[in-house]
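A.B. asks: Sequence:
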Amino acid sequence: MFLNLTHCLEDISDIKSSEHSHDVNETENSAHSHGPDLAVNVFYITIADVIVKSVFTLVYNPLSIHFIGNFVVLVSPPAIAIALYFYNKLELHFFFDWLDHHLEPVTAIALTLICIVIAVFSLHRKKQYLLAEGPKNFKIDEISESVKTKNSSLDKVDHVHASCVWPDGFTVSLKAYIKVEKNNKNWVAQAADDFLNLKSLLHTEIKAKGAKDVIVEPVFVDQNELNPASDPICISTSCHNEDVGCCTIPKTADKA
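Using my numbering, the first residue of the sequence shown is number 1, and each one after it goes up by one.
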C-alpha cells in the first residue's frame, strides 16, 4: 500500500505546474483524454477478479474484518478499475479538467488511505489473538473458589496460562495443587481419585467461561511435608501431551 500510495502521489505531482502553465495543460489534453486506457485482456481479468473476490468475501472472512470492510478491501480495487475504464472509454466529464486527467491516481490514493484505516482497525480488534493475550472476562480466582466448595482437596490453582484462540474461545493450562496425606497407606489411590474429580470440575467450570481446551497439571502437596522450595509436580512430558495424570496406583499395589 505504501508503494501504491507513493506512485500515485508521483502521478499527481504536476498539480502546481499545470496550474501555472497553460502550455503544459494543452500538451496533456492532446496527449490523452483521461489517462491510460485499460488493456482489453486486463479488463476481462479484472472482471474475473471482481467475481472471484465477491464470492470469496461472501463465503470466507479471514481474521473477521467486518464484512463491509472486507468487501471494500478485496472488491473495491478491481470494481473501481472497471468503473474508470468505462469513464475513460465513454470520455465522460463529470469533474474539472485536472481531476478528470488524474482521476485514476486520486481514486487510488483515496482507496489506499481507506484500506490503511481498515487494516489498523482490524489489527486493533484482533490484537488479542495475534499477541495471544488472555481473555478479558476469565477470572481464575472465582473458578478456584467455586471448585473448592465442591472438592476441599484442592489447595490452590497456580501457574495459569490463558490465551485467546481464533476465531473465538481460549486455551488454558494450569497447575492444580492437591492436598494429600502420605501417612495414609492409600494416599496414592486417593490422590488419583481427587485429581480425576478436580480435573473434571476445573474443565467444566473453565469451559463454561468459553475455553476450548484445558490442561490441568496435578501437584500433590502434603501439608506435613510442605517445603516452599520444592514443587512436587507429578507429571511427565508424556502426561502433558496426553493430558492425563501420572500419579496412579502402582502395579505392585494391585498384586498386594
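If you're looking for bench data, these hints aren't it; they were derived computationally from the structure. Every value quoted in this text rests on a predicted model; they were computed, and no experiment measured them. It cannot be assumed that every hint is accurate.
Simulated crosslink set (DSS-like; lysine-lysine; CA at most 27 Å straight-line) [unchecked claim]:
#1 K89 <-> K150
#2 K148 <-> K127
#3 K185 <-> K150
#4 K175 <-> K209
#5 K212 <-> K139
#6 K179 <-> K139
#7 K156 <-> K185
#8 K156 <-> K127
#9 K182 <-> K150
#10 K53 <-> K148
#11 K136 <-> K209
#12 K175 <-> K136
#13 K126 <-> K212
#14 K179 <-> K156
#15 K150 <-> K136
#16 K199 <-> K136
#17 K199 <-> K175
#18 K126 <-> K156
#19 K148 <-> K185
#20 K156 <-> K207
#21 K127 <-> K139
#22 K126 <-> K148
#23 K127 <-> K182
#24 K139 <-> K126
#25 K136 <-> K182
#26 K209 <-> K139
#27 K126 <-> K209
#28 K199 <-> K148
#29 K156 <-> K199
#30 K209 <-> K199
#31 K212 <-> K182
Label-pair ranges, simulated between beta-carbon atoms [said to hold, decoys possible]:
#32 E181 <-> F121: 51 to 59 Å
#33 F56 <-> W166: 51 to 59 Å
#34 E145 <-> Y60: 38 to 46 Å
#35 E10 <-> G169: 42 to 50 Å
#36 S54 <-> K127: 24 to 32 Å
#37 L90 <-> E10: 23 to 31 Å
#38 V59 <-> V165: 43 to 51 Å
#39 L123 <-> E10: 50 to 58 Å
Using N, Cα and C, we set each Cβ at its ideal position, and we do this for glycine too.
A.B. asks: Please go over all the hints and tell whether each is borne out by the structure.
C.D. replies: Verification of the supplied hints:
1. Proximity of K89 to K150 is assessed by CA-CA distance (about 76 Å); at most 27 Å being required, the pair is judged violated.
2. Between the alpha carbons of K148 and K127 the distance comes to roughly 34 Å, so the proposed pair goes past 27 Å and is violated.
3. Note on K185 and K150: the hinted pairing holds, with a Cα-Cα distance of about 25 Å set against a maximum of 27 Å.
4. At most 27 Å may separate the alpha-carbon atoms for a hinted pair to count; K175 and K209 meet this at roughly 18 Å.
5. A hinted pair counts as satisfied when its Cα atoms are at most 27 Å apart, and K212 with K139 qualifies at roughly 16 Å.
6. Of the supplied pair hints, the one linking K179 and K139 holds, its CA atoms being roughly 23 Å apart against a limit of 27 Å.
7. Among the hinted pairs, K156 with K185 is consistent with the structure: their alpha-carbon atoms are about 24 Å apart, no more than 27 Å.
8. A threshold of 27 Å between alpha carbons decides the hint, and for K156 with K127 the separation of about 31 Å lies outside it, so the pair is violated.
9. A hinted pair counts as satisfied when its Cα atoms are at most 27 Å apart, and K182 with K150 qualifies at roughly 22 Å.
10. Restraint check: the Cα-Cα separation between K53 and K148 comes to about 53 Å, which exceeds 27 Å; the hinted pair is violated.
11. For the suggested pair K136 and K209, the alpha carbons sit about 11 Å apart, so the restraint of at most 27 Å is met.
12. Taken as a hint, the K175 and K136 pair is honoured in the structure, with Cα atoms around 20 Å apart against an allowance of 27 Å.
13. Of the supplied pair hints, the one linking K126 and K212 holds, its CA atoms being roughly 18 Å apart against a limit of 27 Å.
14. With a CA separation close to 9 Å, the supplied pair K179 and K156 stays within the 27 Å bound.
15. In summary, the hint linking K150 to K136 is supported, as the alpha carbons are separated by about 25 Å, within the 27 Å threshold.
16. Annotation: proposed proximity of K199 to K136 holds, straight-line Cα distance about 23 Å (limit 27 Å).
17. The straight-line distance between the Cα atoms of K199 and K175 is roughly 10 Å, inside the 27 Å bound, and the hint therefore holds.
18. Of the pairs offered as hints, the one joining K126 and K156 is violated, with about 32 Å between alpha carbons and a cut-off of 27 Å exceeded.
19. At most 27 Å may separate the alpha-carbon atoms for a hinted pair to count; K148 and K185 meet this at roughly 24 Å.
20. Between K156 and K207 the alpha-carbon distance is near 19 Å, which keeps this suggested pair within the 27 Å criterion.
21. With a C-alpha separation of about 20 Å, the suggested pairing of K127 with K139 holds against the 27 Å cut-off.
22. Note on K126 and K148: the hinted pairing is violated, with a Cα-Cα distance of about 35 Å set against a maximum of 27 Å.
23. Restraint check for K127 and K182: not satisfied, since their Cα atoms lie roughly 47 Å apart, outside the 27 Å limit.
24. For the hint pairing K139 with K126, the CA-to-CA distance comes to about 21 Å; that is within 27 Å, so the pair holds.
25. Under the criterion of a C-alpha separation no larger than 27 Å, the hint pairing K136 with K182 is inconsistent with the structure, at around 39 Å.
26. Between the alpha carbons of K209 and K139 the distance comes to roughly 9 Å, so the proposed pair stays at or under 27 Å and holds.
27. This hinted pair checks out: K126 and K209 have alpha carbons roughly 20 Å apart, not beyond 27 Å.
28. Taken as a hint, the K199 and K148 pair is honoured in the structure, with Cα atoms around 12 Å apart against an allowance of 27 Å.
29. Between the alpha carbons of K156 and K199 the distance comes to roughly 13 Å, so the proposed pair stays at or under 27 Å and holds.
30. Restraint check: the Cα-Cα separation between K209 and K199 comes to about 16 Å, which is no more than 27 Å; the hinted pair holds.
31. With a C-alpha separation of about 35 Å, the suggested pairing of K212 with K182 is violated against the 27 Å cut-off.
32. The supplied range of 51 to 59 Å is met by E181 and F121, whose beta-carbon atoms lie about 57 Å from each other.
33. With their beta carbons about 18 Å apart, F56 and W166 fall outside the hinted range of 51 to 59 Å.
34. Evaluation of the 38 to 46 Å hint for E145 and Y60 yields a pass: the beta carbon distance comes to about 42 Å.
35. In this structure the hint that E10 and G169 lie 42 to 50 Å apart at CB holds, the actual value being about 47 Å.
36. Remark: the range hint 24 to 32 Å for S54 to K127 is upheld by a beta-carbon distance near 28 Å.
37. Our hint of 23 to 31 Å for L90 and E10 holds, since their Cβ atoms are close to 27 Å apart.
38. Distance hint check: the CB atoms of V59 and V165 are about 22 Å apart, inconsistent with the given range 43 to 51 Å.
39. Checked against the given bound of 50 to 58 Å, the beta carbons of L123 and E10, roughly 28 Å apart, lie outside it.
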